[in-house]
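Protein chains: 2
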Amino acid sequence: MLRGMSSTSSARVPNFYAVIPAGGAGTRLWPLSRSGAPKFLHDLTGSGRSLIQATMDRIVPLAGESGVVVVTGVAHVDAVSAQLPEIDAQNLLAEPSPRDSMAAIGLAAAVLSERHGDVVIGSFAADQVIAGKESFEQAVREGVRAAEEGYVVTIGIAASRPSTAFGYIHSGEPLGLEGAQSARHVVGFTEKPDATTAQRYLATGEYRWNAGMFITRVSVLLDHLATQRPTLHAGLRTIAKAWDTPERDEVLAEVWPGLEKIAIDHAVAEPVADAGGVVVVPGNFGWDDVGDFNSLAALLPAADESGSKVLGDAGSVVRVQSAGSVVVPASGRVVTILGLDDVVVVDTPDALLVTTRARAQQVKDIVTELRERGMEELL
Amino acid sequence: MLRGMSSTSSARVPNFYAVIPAGGAGTRLWPLSRSGAPKFLHDLTGSGRSLIQATMDRIVPLAGESGVVVVTGVAHVDAVSAQLPEIDAQNLLAEPSPRDSMAAIGLAAAVLSERHGDVVIGSFAADQVIAGKESFEQAVREGVRAAEEGYVVTIGIAASRPSTAFGYIHSGEPLGLEGAQSARHVVGFTEKPDATTAQRYLATGEYRWNAGMFITRVSVLLDHLATQRPTLHAGLRTIAKAWDTPERDEVLAEVWPGLEKIAIDHAVAEPVADAGGVVVVPGNFGWDDVGDFNSLAALLPAADESGSKVLGDAGSVVRVQSAGSVVVPASGRVVTILGLDDVVVVDTPDALLVTTRARAQQVKDIVTELRERGMEELL
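Sequences listed follow chains A and B, in order.
If you count the first sequence from 1, position 105 lands on 105 in the UniProt record's numbering, and the numbers rise without skipping.
If you count the second sequence from 1, position 127 lands on 127 in the UniProt record's numbering, and the numbers rise without skipping.
You may find that some hints are simply not true.
Which copy is meant is left open, because identical chains are indistinguishable; a pair holds if it fits in one copy or across any two.
[To be verified] Here are the simulated lysine to any residue pairs, SDA-like style, with alpha carbons at most 20 Å apart: (1) Lys-241 with Ser-316; (2) Lys-364 with Gly-339; (3) Lys-192 with Glu-178; (4) Lys-364 with Thr-227; (5) Lys-192 with Ser-35; (6) Lys-364 with Gln-321; (7) Lys-364 with Ser-316; (8) Lys-261 with Gln-228; (9) Lys-364 with Ala-165; (10) Lys-261 with Pro-85.
Just so you know, these hints were derived from the structure itself, not from any lab.
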């Protein structure tokens, strides 16, 4: 019976398109992540696949290869194309400059609307790590079902700890929709909470992490956008109409720079949730946004009995009286550590970072310092 | 008057030869110091001169360029020759294998005895750092004067702290010799003491650090050696007789491997001191043996107001919320440190070391670990 269900649920989802926004600097993962080679282009789990490749692998069973659209900065088009040769050139949308997630996802929605009419899209960031293929697919299928009914759907991640690094989704009453049994109305979204608030959220059982995964009909998303941010909506519609024509570059050059920079959460999800138009489907898969070297550590197998983690060749790391370290030997050199616990060492061909797991969130301060010193070539 | 004395004392010392034993692995300074490029070949003070070059610079005013003999491993002859082009090839004595300081200094003494008769030699290790040229020269001049009288003379370094890393010289009554006014009889030598004992030594005012500097007539040294270690003495005499002949290699190959491995302190200085034959001249110059990265730090100027030290290009080191670090950026890469105090980072093209100043003495444990893993190419 279970086997039969699994077989049924492995089919492609009709009229479903996946959008992969591939942006973000990932400065907390410097010097591994650089402006020229951001986080999503790296294999951060030792799986042999970069984060964007793993995202593609995850979504193709649902959307098919031709049903995936990547939105990325013009500087990364070649790298993305090289890593994802299965993507059609027309499904690789290049942003002339970063305009935050609403413009990125809205552009994909508007272009897909022009091409395919009122399809359902799901947005899945290129730089997240997910464990549990079946659970992920199940959540997306339920999300698509609810999206077809006109809801903006978000997938809420089971909060395994009172994290202060993520926003939360407050879920309410069950939706009661066949095919989306676990979907619930969203009461509201929250910003990253303080520790006490996060603890309280967890205790209620009503809060889930917001992973920025949104599933919606393109017409629903664009109509909400037209209401909430009419100028941005108009700009994106204008660009989308020109996208598959010879006028694309001209229109992009004229319109894109003026687009409002705003996250999809603020532009659509939050106001629409207040109006009762957002539902959440629980995602019971493992999830991490690999925000820093400490969270990277959680995704790696232990390299020794001291709990040390290595991303790369563990044989090129030598530790003496050192526990809990996180080492990225990415320069081909041997990294040796003596008498330091919980240290982070990231060794790349032109730059070295030495810090501690507790300071992992502050690595962006090094990036700031390098910029202030004019060492842009390292960023 | 002082000016006149200084002028007088800047003359070369007649019949005086300097011996520079250039050996030692310097494993506590790995990965800067390697078996193929040991400590003495490196500029560890940022002066622009390696330790052996600085040793040469220091001794040439006293012994002249032709009066300096270097004893080093056969593997280092080319490097020493390149760093010290002013040394005659015949004054560069190559040891086929390490046989400790008695064999090294004894070989030089025996060869110089063959060449020049009963001259005075002074032995000055290639890997020490000395500040205070005038004080150094003054001590050597007094030492030579006492050596001419038949004493084995050692230069005792003013103990500036209760160090447990050095042996001590216990000084007794003044020698009362004109031209060596500050020389005193040596009561005895001590091994490296524990902290309490070192503190006690310091309190008496009678103890000085043993820097392994010995000044002696070659006949006196070799006669003591003949008494104390007759077999070693005979071997060295045999080799010295053949040294400047076509038989050198043959005799070396036959005799050298069997020579006893023993330090000059144990072979001669200690037993002769017990018999009243050793005197100490106080050296009131700054001295360090640069034993590890912590002592290296003491020799470097502060790179910033946090007390951090850099050996190399300070512009390629970026610290954020990090005080007291010791960084050696020797790979051309940028080294960044976030939120770690008193950390030691040594960055070379093929190996990186991350440790703390407190663990500096244990760096040899990393070398041991690398050897056990068969990573000999890094040693």
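To see whether the hints hold, each was checked on the structure:
no.	hint	result
1	Lys-241 with Ser-316	neither (53 Å within a copy, 50 Å between copies)
2	Lys-364 with Gly-339	between (26 Å within a copy, 12 Å between copies)
3	Lys-192 with Glu-178	neither (33 Å within a copy, 82 Å between copies)
4	Lys-364 with Thr-227	neither (36 Å within a copy, 69 Å between copies)
5	Lys-192 with Ser-35	neither (25 Å within a copy, 54 Å between copies)
6	Lys-364 with Gln-321	between (29 Å within a copy, 13 Å between copies)
7	Lys-364 with Ser-316	between (27 Å within a copy, 18 Å between copies)
8	Lys-261 with Gln-228	within (14 Å within a copy, 87 Å between copies)
9	Lys-364 with Ala-165	within (15 Å within a copy, 41 Å between copies)
10	Lys-261 with Pro-85	neither (30 Å within a copy, 66 Å between copies)
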